[in-house]
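Novice: Assemble the complex: chain A is given as a structure, and chain B must be docked to it using the hints.
Each protein sequence line maps, in turn, to chains A and B. Counted the way this note's numbering counts, the first sequence spans residues 1 to 367. Counted the way this note's numbering counts, the second sequence spans residues 1 to 367.
A few of these clues could be false.
All copies of an identical chain are treated as equivalent in the list; a pair is satisfied when it fits inside any one copy or across any two copies.
[Said to hold, decoys possible] Here are the simulated DSSO-like cross-link-like pairs (lysine-lysine), alpha carbons at most 30 Å apart as the crow flies:
hint, residue 1, residue 2
1, K52, K11
2, K290, K264
3, K20, K119
4, K80, K289
5, K289, K358
6, K89, K8
7, K80, K249
Calculated from the structure, these hints are not laboratory results.
Protein chains: 2
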Amino acid sequence: MAGDRYAKRRKQLMRKLRAKHAESLLVTNFTNVTYLTGFSGDDSFLIVGRDKTILISDGRYTTQISEECPGLDVYIRPQKEGLVAATAKVARRAKIRNLGFESNSTTVDQAEGLLSALKSTELIPLSGLVEELRLCKDPQEVADLREAVRQAEKGFEVLKATLRGEQTELQVAHDLEHSMRGFGAVGTSFPPIVAVGPHSALPHATPRHVLISDASFVLVDWGANGQTGYKSDLTRVLATGKISSKLEKVYGVVLNAQLAGIQKVRPGVRCCDVDAAARKVIEDAGFGKKFNHGLGHGLGLDIHEGPRLNSATELELRPGMVVTVEPGIYLPGWGGVRIEDDVLVTKDGCEVLTSSPKAFDEIILDF
Amino acid sequence: MAGDRYAKRRKQLMRKLRAKHAESLLVTNFTNVTYLTGFSGDDSFLIVGRDKTILISDGRYTTQISEECPGLDVYIRPQKEGLVAATAKVARRAKIRNLGFESNSTTVDQAEGLLSALKSTELIPLSGLVEELRLCKDPQEVADLREAVRQAEKGFEVLKATLRGEQTELQVAHDLEHSMRGFGAVGTSFPPIVAVGPHSALPHATPRHVLISDASFVLVDWGANGQTGYKSDLTRVLATGKISSKLEKVYGVVLNAQLAGIQKVRPGVRCCDVDAAARKVIEDAGFGKKFNHGLGHGLGLDIHEGPRLNSATELELRPGMVVTVEPGIYLPGWGGVRIEDDVLVTKDGCEVLTSSPKAFDEIILDF
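Excised from the complex, chain A in its bound form (with noise of 0.2 Å):
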């Protein structure tokens, strides 16, 4: 059954709160509520207890709490009553004599607001619990991850066997949206990018009303919000006018790049190895200030989550990671390359979850 999928999540969090010494968690991330509960709506907070667990919601949400979380306790706030008021009261009612709260979503007047109301209440400020539990994807999060990247894959397919160089950036994006939701979608996991010549050097470019047929190469990073809001997230670059040496020089060190770095994928090994193995090929290559971000991110329910790959995460990868493998050159002027895929840690080794050919060869339209 679904409830207890999520009935044990919040075993295993009561199990690292006592460790803390806590009796219970104000939840205030709505994403961390969705994982614990299934509700899928937001501006809800959750106290998780021993012996009660109670979702504090609107008006708005009591038919949706009723039908996505049957049995669990709801307290409906009225309208002149503000979430961080009703959320004190519950907690006094429910005499809780200490209460642990995400202090990395709580903001400062939350926290001011819940200090003054509930004077006999130790607040202890905890950070990081439930995304720790987030951190390990279970099997029917893995499901729902490759049914993401399946919905993102179908969508580039039809990318490819549409294109046109009278096509504009904005365009592009657009129909891989359509096409994604065609596919089972229910939206993209962020506003995809579609980049040609020097604006695919921005890591964060906006699609514009530029012809693909401007330049010689498109960059396309994009992915799927999957049935139950679980993201794909990839990048391919696609040859569409006459090949440079420059292009294929600089395609192949981030493809090579890329493959040190999965490589590197499995258990025990520290993140920030992850993301050296990768950031080594492109500094022998002599591109090294060329590659400003870190290697990649966990994905699930949010788009970027942990464990980051970067330099500086000394975390150890752990079987039920999901990670993007992402690096990237960009060349102010001439434009950018970026190739990323979803990687599964398993229990020996890795498995990418992606699958969109990436030789060289292969990302060669025929325009």
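Specialist: Below, chain B without anything else, positioned relative to chain A:
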């Protein structure tokens, strides 16, 4: 010049800061950063001070910032330096003695990080200063909102022209998004709601694989996200089958309530009194308990911003404010009716920015 516009806003902010005896403000709400600089990315903080304004960002955005915010001072943090650590470094270098910070968006962890890194700087929690500036839209903002309304309404005309019983809620939602993009929107301002039958009684319904022909009316709540990030928000009900006297009755009550609310919108009137004017019509018709949310909300760069039109808000309306007016009646098991328009407060009354037909005989589709 666009730059002057942002400089003017920062000047207005400085005036508010002086009244709070603060020398400078750390802006941690990304939308507020956009409002004050024109930078459209995220993950960036802004320090606004008497002598200097500095944007704290990362390498992904270097080029974008130079394009979007020419002349603005920027600190690009290295990958190993977190956003809070970078902010503290910038504040120390600028020798800021007292620094206000947005306590309604800064998390407890971020505030702790600043406190421990800035021993000799006084940190002052300040809430809502930029939000206050954002309450009243300038002529360019109103023009951008009008454009987002146009995109949404053109999309809805396509929806009405193409709607067929064998489409599903999801297909209609996807097509609507696609149409709005065709008219220049960069996307939807929120995931559109397309709900038939009892599902329409959920104020935040998610579109399903359910046929339009499965019920006799459909509720559509949608909006466009314009090029500059300004958003529109509308709701209409369309009759697609046999018209019941219940639908006609409920629709009439909601429409009268909405017109009573709009009638009340003018400078000097309290938000709660606008809510009350609409609510009274629904209460008098015996449906008071079936209208379980506030009457409306401000909209601009955020789909939900100040002022809130609800029973708790005593703020007085001022020219330049733009609010939704959206009463609803929700009858579990039968369905819901909501009618929503976007309304600009003018010098001597209001202007309804939206114009999709809403008289009962105009919402009947020839099916």
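Novice: Work down the list of hints and note, for each, if the structure agrees.
Specialist: Do the hints match the structure? See the list:
1. K52 with K11: Within one copy only: 11 Å inside, 50 Å across.
2. K290 with K264: within (22 Å within a copy, 58 Å between copies)
3. K20 with K119: both (21 Å within a copy, 28 Å between copies)
4. K80 with K289: between (54 Å within a copy, 14 Å between copies)
5. K289 with K358: Answer is within; shortest intra-copy Cα gap is 24 Å, inter-copy 58 Å.
6. K89 with K8: The answer is within: 27 Å in one copy meets 30 Å, while 43 Å across copies does not.
7. K80 with K249: Classified as between: cross-chain Cα gap 29 Å, same-chain 63 Å, threshold 30 Å.
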